[in-house]
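S.K.: Letter by letter, the chains look like this.
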Amino acid sequence: MRDVLYLAWRYLVYHRLKTAILVTSIMLIIYLPIGLNVVVEQSAEHLRARAGATPLLVGAKGSPLELALNSLYFSSEHPELIDYSEATMVADSGLADAIPLYVRFRSRTHPIVGTSLDYFSFHDLRFAFGRPMAVLGECVVGATVAESLGVNPGDTVISSPETVFDLAGVYPLKMKVAGVLERAFTPDDDAIFVDVKTAWIIEGLGHGHQDLTRPEAASGVLRRSEENIVANASVVQYNEITEDNVDSFHFHGDLADYPLTAVLVVPRNEKSGIILRGRYTDDDATSQIVRPVTVIDELLDTILTIQQFIVAAVIIAGLATIATAALVFMLSLRLRRREIDTMLKIGGSRLRVTSMLLAEVVIVVILSSSLAAVLTLVTWRFGPRIIESFVLT
Amino acid sequence: MKLLAMLAGVLIVAACTKEKQASEDTEALRYSPRVYTVNYPLAYFAERIAGESVKVVFPVPPDVDPAFWSPDAEAIADYQQADLVLLNGAGYAGWLQRATLSQSRLIDTSSALADQLIPLDDTITHSHGPGGDHSHQGMAFTSWLDMKFAAGQARAVFDALVRLRPENEPNYRERWHELQQDLGELDTRLKVVAERIGDQPLVFSHPVFQYLARAYKLSGRSVHWEPHETPDNDQWRELFKLLSAHNAAWMIWENEPLRDTVSQLEGMGIESLVFRPCGNRPAEGNFVSVMLDNVMALERAFPVSAL
Chain Z
1 MRDVLYLAWR
11 YLVYHRLKTA
21 ILVTSIMLII
31 YLPIGLNVVV
41 EQSAEHLRAR
51 AGATPLLVGA
61 KGSPLELALN
71 SLYFSSEHPE
81 LIDYSEATMV
91 ADSGLADAIP
101 LYVRFRSRTH
111 PIVGTSLDYF
121 SFHDLRFAFG
131 RPMAVLGECV
141 VGATVAESLG
151 VNPGDTVISS
161 PETVFDLAGV
171 YPLKMKVAGV
181 LERAFTPDDD
191 AIFVDVKTAW
201 IIEGLGHGHQ
211 DLTRPEAASG
221 VLRRSEENIV
231 ANASVVQYNE
241 ITEDNVDSFH
251 FHGDLADYPL
261 TAVLVVPRNE
271 KSGIILRGRY
281 TDDDATSQIV
291 RPVTVIDELL
301 DTILTIQQFI
311 VAAVIIAGLA
321 TIATAALVFM
331 LSLRLRRREI
341 DTMLKIGGSR
351 LRVTSMLLAE
361 VVIVVILSSS
371 LAAVLTLVTW
381 RFGPRIIESF
391 VLT
Chain D
1 MKLLAMLAGV
11 LIVAACTKEK
21 QASEDTEALR
31 YSPRVYTVNY
41 PLAYFAERIA
51 GESVKVVFPV
61 PPDVDPAFWS
71 PDAEAIADYQ
81 QADLVLLNGA
91 GYAGWLQRAT
101 LSQSRLIDTS
111 SALADQLIPL
121 DDTITHSHGP
131 GGDHSHQGMA
141 FTSWLDMKFA
151 AGQARAVFDA
161 LVRLRPENEP
171 NYRERWHELQ
181 QDLGELDTRL
191 KVVAERIGDQ
201 PLVFSHPVFQ
211 YLARAYKLSG
221 RSVHWEPHET
231 PDNDQWRELF
241 KLLSAHNAAW
251 MIWENEPLRD
261 TVSQLEGMGI
271 ESLVFRPCGN
281 RPAEGNFVSV
291 MLDNVMALER
301 AFPVSAL
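Read top to bottom, the protein sequences are chains Z and D. As numbered in this note's numbering, the first sequence has no gaps in its residue numbers, which increase by one up to the final residue, 393. As numbered in this note's numbering, the second sequence has no gaps in its residue numbers, which increase by one up to the final residue, 307.
Bound conformation, chain Z alone:
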């Protein structure tokens, strides 16, 4: 038997190009439907787990998918904004806890999530080092951020401008890292968490500067009357919040009118959730309430439909490939007629020659299947990350 296998193997090695093409074709035919299935199932599980853990989201009327993707996975496109008063309204209803979310800014590629301390307890996020943010300008970073930026408590990270052309926009804010989260294997690992008020400062809605009523600020005053002081361009707004200047930071107007991208709503019980959802059914309402799990299910349904089309196409292509492979073997037998005759003439039995030819086919199939298995394993390991990057960016 070993001699049969040896001869089959030597034949395949000698015709390595033909063998490689055959192995690749069969490997792809085996891998594509299985790998696609693995990717879709894993990603579906991953997406559903995060969505299922988030009971309700309140956001501006518009695309529920954009709202869910931005709030759950911090995708770069932010939905229309709502007022902070939406969060207060939910909390004041006594039906649910409201966790504000303002996911708009980034530090390099990492999303800056403006929220409250309740976010950490809601997602059961634990601290590897340090503590939660306590004052304006402090942040907490996820495990991936800490690794990729090499930051620890006491270090700083800087917010990035929204666009490179935003020359007249707000200054980047230098934020002090107060704590690092343990790895949670969720999008939280890649995020930088700040108090929602710090996010408003990044936007320029809150700021700190010299007290213009004091004599030492005279050089920064353009015009002064009894009731109003107009500052000139020399008044520098602080771009880092320190112990010395934190008291000068302030917000103008009513915080209730300040922007949020969403409110994460945690109803006290099922009934409270239903009552709350009933309050957003008015057609004239400017905000909507969505169940993230429903939104993600709809997205997954779309993905599954596409998957079914792709699998059908792959099966058809697979049948064609198998037919082609069979043809290749049959043609190869014709081309090898003289070789086979020689083997028979020098004493090889018909059974052994047939076994050798079959061994060639079996080796090709085993090689293809093994490679397909390796590729499936790789897909299983990195698939969710790949599909997330496709879906969320």
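Quick caveat, the hints were computed from the structure, so don't treat them as lab data. Be careful, since some hints might not be right.
[Stated by the list, open to error] Among the chain Z residues that face chain D by a calculated CB cut under 10 angstroms, a handful are: (1) 98; (2) 129; (3) 301; (4) 359.
[Said to hold, decoys possible] A short list of chain D residues far from chain Z (calculated; beta carbon distances all over 12 angstroms): (5) 74; (6) 165; (7) 191; (8) 271.
Where is the CB? At the ideal position from N, CA and C, for every residue including glycine.
Dock chain D against chain Z, hints included.
M.R.: Chain D only, in chain Z's frame:
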């Protein structure tokens, strides 16, 4: 021998029971909810209503005005650990705007009375950049000097404590009623003495008596004097200017003023009396006793015979 063994058994069981009880007590103490407050009146209300069932913490140092206290990150971290944080509202304790606290644990005790807050009117606006004019205007925040307002805040404290410890509601309700009674009596006595004061002009040493003046219809105007500082020439000029239109015979101080200042005021025909807002924990007594002292000071200054 058998008797001895039985006795030993009984003793062991008794000891175990006692140990278990002690352990349960320690557990209860360890897990008693912590209620943090931003000023003393709210701490007093919480202590009166909840008694020993919760741990009320008011961490502001005694020599600091809680309204202007600026806690460090560690102190804020303590607030973050609280089960409940009682806020005064009306922009009291500006540090709250710069701190990160769990929204679900914050209770604004004046939110139900928001329409009764008094906006400050002596604010300078400023503008820089494209944002237009803006001011750092706020509200008057010594709201508890209006005893009805204080009772409303006590109600909010009661509601919050009941939500925190629903099993204690009957006890809390009883103690809250007692507190309401005390505040009601103070309110009645203040109204009576305020009637005697009528529309006599008064000067307040500091703009912290807005709610007192409104609730009891006192005709008061404020200057910006500190009790422990000698007023400078500008401050005297400010007072003369005020007196020209508002001929007050009494100045109401938030704390014991300097002897020299009192004498100088007496020389001008202005008497001094102390009405402590009691924003911070008093060295002696409690919120009600301090308010009672305040009322008695007013009653002495404006006795029945003065009618």
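S.K.: Hint by hint, say whether it matches the structure.
M.R.: Against the structure, the hints come out as follows:
Evaluation of the residue 98 of chain Z hint against chain D yields a held restraint, the C-beta minimum of about 7 angstroms falling below 10 angstroms. Of the supplied interface hints, the one on residue 129 of chain Z is violated, with its beta-carbon coming no nearer than about 15 angstroms to a beta-carbon of chain D, more than 10 angstroms. Interface restraint check for residue 301 of chain Z: the shortest CB-CB distance to chain D comes to about 35 angstroms, outside 10 angstroms, so the restraint is violated. For residue 359 of chain Z, the interface hint is violated, since its Cβ never comes within 10 angstroms of a Cβ in chain D; the closest pair sits about 70 angstroms apart.
With a minimum CB-CB distance of about 8 angstroms to chain Z, residue 74 of chain D fails to clear the 12 angstroms threshold, and the non-interface call is violated. With a least CB separation of 17 angstroms from chain Z, residue 165 of chain D remains clear of the 12 angstroms interface cut-off, as annotated. The Cβ of residue 191 of chain D sits about 33 angstroms from the closest Cβ of chain Z, beyond the 12 angstroms cut-off, so the non-interface label holds. Even its closest Cβ contact with chain Z, about 33 angstroms, leaves residue 271 of chain D beyond 12 angstroms, as expected for a residue assigned away from the interface.
Consistency with the previously given hints fails for numbers 2, 3, 4, 5, ordered from lowest to highest.
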